[in-house]
Amino acid sequence: AQSVAQPEDQVNVAEGNPLTVKCTYSVSGNPYLFWYVQYPNRGLQFLLKYITGDNLVKGSYGFEAEFNKSQTSFHLKKPSALVSDSALYFCAVRTYGNNRLAFGKGNQVVVIP
Amino acid sequence: DTGVSQDPRHKITKRGQNVTFRCDPISEHNRLYWYRQTLGQGPEFLTYFQNEAQLEKSRLLSDRFSAERPKGSFSTLEIQRTEQGDSAMYLCASSPGDSEAFFGQGTRLTVV
Numbered sequence: 038a039q040s041v042a043q044p045e046d047q048v049n050v051a052e053g054n055p056l057t058v059k060c061t062y063s064v065s066g067n068p069y070l071f072w073y074v075q076y077p078n079r080g081l082q083f084l085l086k087y088i089t090g091d092n093l094v095k096g097s098y099g100f101e102a103e104f105n106k107s108q109t110s111f112h113l114k115k116p117s118a119l120v121s122d123s124a125l126y127f128c129a130v131r132t133y134g135n136n137r138l139a140f141g142k143g144n145q146v147v148v149i150p
Numbered sequence: 004d005t006g007v008s009q010d011p012r013h014k015i016t017k018r019g020q021n022v023t024f025r026c027d028p029i030s031e032h033n034r035l036y037w038y039r040q041t042l043g044q045g046p047e048f049l050t051y052f053q054n055e056a057q058l059e060k061s062r063l064l065s066d067r068f069s070a071e072r073p074k075g076s077f078s079t080l081e082i083q084r085t086e087q088g089d090s091a092m093y094l095c096a097s098s099p100g101d102s103e104a105f106f107g108q109g110t111r112l113t114v115v
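Those sequence lines, one after another, are chains U and S.
Here the numbering used here is used: the first residue of the first sequence is 38, the next is one more, and so on.
Here the numbering used here is used: the first residue of the second sequence is 4, the next is one more, and so on.
This is chain U alone, in the form it adopts within the complex (with noise of 0.2 Å):
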């Protein structure tokens, strides 16, 4: 089984600082790591993934995330947050040959200006 577990339901941040969202996985076998983007009404959009290789992964409009597999975590970071930033951040994981990606519950980041 796979699962994803996202333990704060939201986060707050003042603009300008570095923004955090956790995330934690379970897996058997080697895990394919995934963070996506929802703002209301609208899909997911993809920011970046974490295959094989480097543990630190950079993706779209500045965010980054670092893998580590003792912890079994794949913490999305961001240096400098924006008040765009706010929205519903969502990790996901499978693995190689498994066509089904299991969601965390999502975390609903407030950016305050």
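Note that these hints are calculated values from the structure, not bench results.
Please note: incorrect hints may appear among the correct ones.
[Stated by the list, open to error] Simulated crosslink set (EDC-like; lysine to aspartate or glutamate; CA at most 16 Å straight-line): (1) S:K60 <-> S:E47; (2) S:K74 <-> S:D27; (3) U:K59 <-> U:E103; (4) U:K142 <-> S:E47; (5) U:K106 <-> U:D91; (6) U:K86 <-> S:E103; (7) U:K59 <-> U:D46; (8) S:K17 <-> S:E86; (9) U:K106 <-> U:D122; (10) U:K86 <-> S:E86; (11) U:K95 <-> S:D101; (12) U:K95 <-> U:E52.
Here the structure is a predicted model, which means the values were calculated and not measured.
Since chain U is already given, all that's left is putting chain S on it; use the hints.
What follows is chain S alone, placed relative to chain U:
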């Protein structure tokens, strides 16, 4: 726009009616997925196509649900005899092989 396209964006239907949703994936993407998202939850996998073959179905996909991808291009998801519990956002996604999936904007279904 070359992204994944879903139609309609919104559908309100009476309980017991049948509904059909359409998804047009990104051209040349051979893989197509359907997910369902309810309020406050992440998307849940429903089914997966590789070209025209439906290779995987979730237990969530009851016998009232059927999906097709007849020519390996667009796909349809039909729900028969809708129930209030079917109210959700239905998301379609596509990918070029074993890579990240790109999602459409979804069809929001409300069963009254």
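Structure-based check of all given hints:
no. : hint              : verdict
1   : S:K60 <-> S:E47   : 11 Å, holds
2   : S:K74 <-> S:D27   : 12 Å, holds
3   : U:K59 <-> U:E103  : 10 Å, holds
4   : U:K142 <-> S:E47  : 10 Å, holds
5   : U:K106 <-> U:D91  : 12 Å, holds
6   : U:K86 <-> S:E103  : 8 Å, holds
7   : U:K59 <-> U:D46   : 10 Å, holds
8   : S:K17 <-> S:E86   : 8 Å, holds
9   : U:K106 <-> U:D122 : 27 Å, violated
10  : U:K86 <-> S:E86   : 36 Å, violated
11  : U:K95 <-> S:D101  : 20 Å, violated
12  : U:K95 <-> U:E52   : 21 Å, violated
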